[in-house]
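J.: Let the hints inform the model, and build the full structure from the sequences given.
For the protein sequence lines, the chains are A and B, in the order given.
Note that the first sequence covers residues 4 to 194 in my numbering.
Note that the second sequence covers residues 4 to 194 in my numbering.
Treat the hints with care, as some may be off.
Because identical chains cannot be distinguished in the list, a pair is counted as satisfied if it fits within a single copy or across any two copies.
Subject to a maximum C-alpha distance of 25 Å in a straight line, what follows is the list of computed BS3-like cross-link-like pairs (lysine-lysine) [to be verified]:
#, residue 1, residue 2
1, K24, K84
2, K84, K134
3, K118, K24
4, K24, K119
5, K193, K5
6, K118, K10
7, K170, K134
8, K118, K13
9, K119, K43
10, K13, K119
11, K122, K5
12, K170, K24
13, K134, K193
For the record, the hints were derived by calculation from the structure and aren't laboratory data.
Protein chains: 2
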Amino acid sequence: MKALEEKILKEGTVLPGHILKVGSFLNHQLDVDFLLEMGKEIKRIFEDEEIDRILTVETSGIAIAMGAAAAMHVPVVFAKKNRTGNISGDTYTTVVHSYTHGVDYNIVVSCDYLKKGEKVLIIDDFLANGKAIIGLMDIIGQAGAETVGACCAIEKGFQGGGDALRKMGVRVESLAIIDSMDDTSITFRKQ
Amino acid sequence: MKALEEKILKEGTVLPGHILKVGSFLNHQLDVDFLLEMGKEIKRIFEDEEIDRILTVETSGIAIAMGAAAAMHVPVVFAKKNRTGNISGDTYTTVVHSYTHGVDYNIVVSCDYLKKGEKVLIIDDFLANGKAIIGLMDIIGQAGAETVGACCAIEKGFQGGGDALRKMGVRVESLAIIDSMDDTSITFRKQ
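T.: Next up, the structure:
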């Protein structure tokens, strides 16, 4: 998505440890009109697929998932991290490693909001090593539902998670794929 | 908002400890079309005010804030809880007590996304004792910005936080105010 690449170049900052800071529109401040445009693009990319539900993980995935759901008119479910006080009843759960924060955490989805046979699109803000997507696919599998694909706003191609998933046969689409970045330049993969 | 009251009656569950579970559309699963309708109602309520920015707090505030921003075309900033690894530079910070989870936590906003003189609308999913709103007002004050008001989807009127803020002169609007609830009935305040 050309407009997203331009926005990353204009507003993004590369920090040490391969962190791309896009807090001006995606992770802290939310440019909601732009998120809705990204959502329309996700709808266009997956228009050949039947999709019953979008699954994401709190926190930063919620905004882009909501952008997509506004275009696709399907419910979003966001997996919760650890805190189960607000989830009653049976749950699906798995462990995910966060690259950004350097910790393992549980993600939890209530069985009420993910059903057998549903076709589920995974959406997240960043795709780095792919661990969050693998965790969400595990949860979809526990529910007896089907992963239609995964769509991320920004894929760090150089970390390999997206390509590893593609080799496993998962349909992974990213609105922008960064093949290399440092504090002076960002190079996008041609799509 | 009549449609919200009806949705709470239809889909909400009252749990012990004055917890209202509305995970089917607001806290875990997101009914995005309905969130966009709630956003239009928030725009209508505050149409006499000049608003530069919406401020909320992760996680559950993001969806309703995004619904409002989609109607009002202003940026959202969500305060982060504790984790500062992804926020660089100067920050505003304060301590908030969570009624639902029974703990104190820090909330943090980057100084980049809240500026002196801005007129800010606070949005959140629930208003109980009002501690989150007071924390966000503290952060707005630190920035030298102005709190236009606070708008919550669901106010637990019987916990008194909203009325205490109103007595302090804060404009607090809630789309639905619950005056009493137990496991057999929910009574809404007439607005």
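J.: It remains to establish, for every hint, whether it holds in the given structure.
T.: Hint-by-hint comparison with the structure:
no.: 1; hint: K24 x K84; result: both (22 Å within a copy, 17 Å between copies)
no.: 2; hint: K84 x K134; result: both (14 Å within a copy, 22 Å between copies)
no.: 3; hint: K118 x K24; result: between (35 Å within a copy, 19 Å between copies)
no.: 4; hint: K24 x K119; result: between (37 Å within a copy, 23 Å between copies)
no.: 5; hint: K193 x K5; result: within (10 Å within a copy, 49 Å between copies)
no.: 6; hint: K118 x K10; result: between (37 Å within a copy, 21 Å between copies)
no.: 7; hint: K170 x K134; result: within (15 Å within a copy, 49 Å between copies)
no.: 8; hint: K118 x K13; result: between (41 Å within a copy, 20 Å between copies)
no.: 9; hint: K119 x K43; result: neither (27 Å within a copy, 34 Å between copies)
no.: 10; hint: K13 x K119; result: between (43 Å within a copy, 24 Å between copies)
no.: 11; hint: K122 x K5; result: neither (28 Å within a copy, 32 Å between copies)
no.: 12; hint: K170 x K24; result: neither (28 Å within a copy, 41 Å between copies)
no.: 13; hint: K134 x K193; result: within (24 Å within a copy, 48 Å between copies)
Going down the numbered hints, you'll see the structure goes against 9, 11 and 12, while the others check out.
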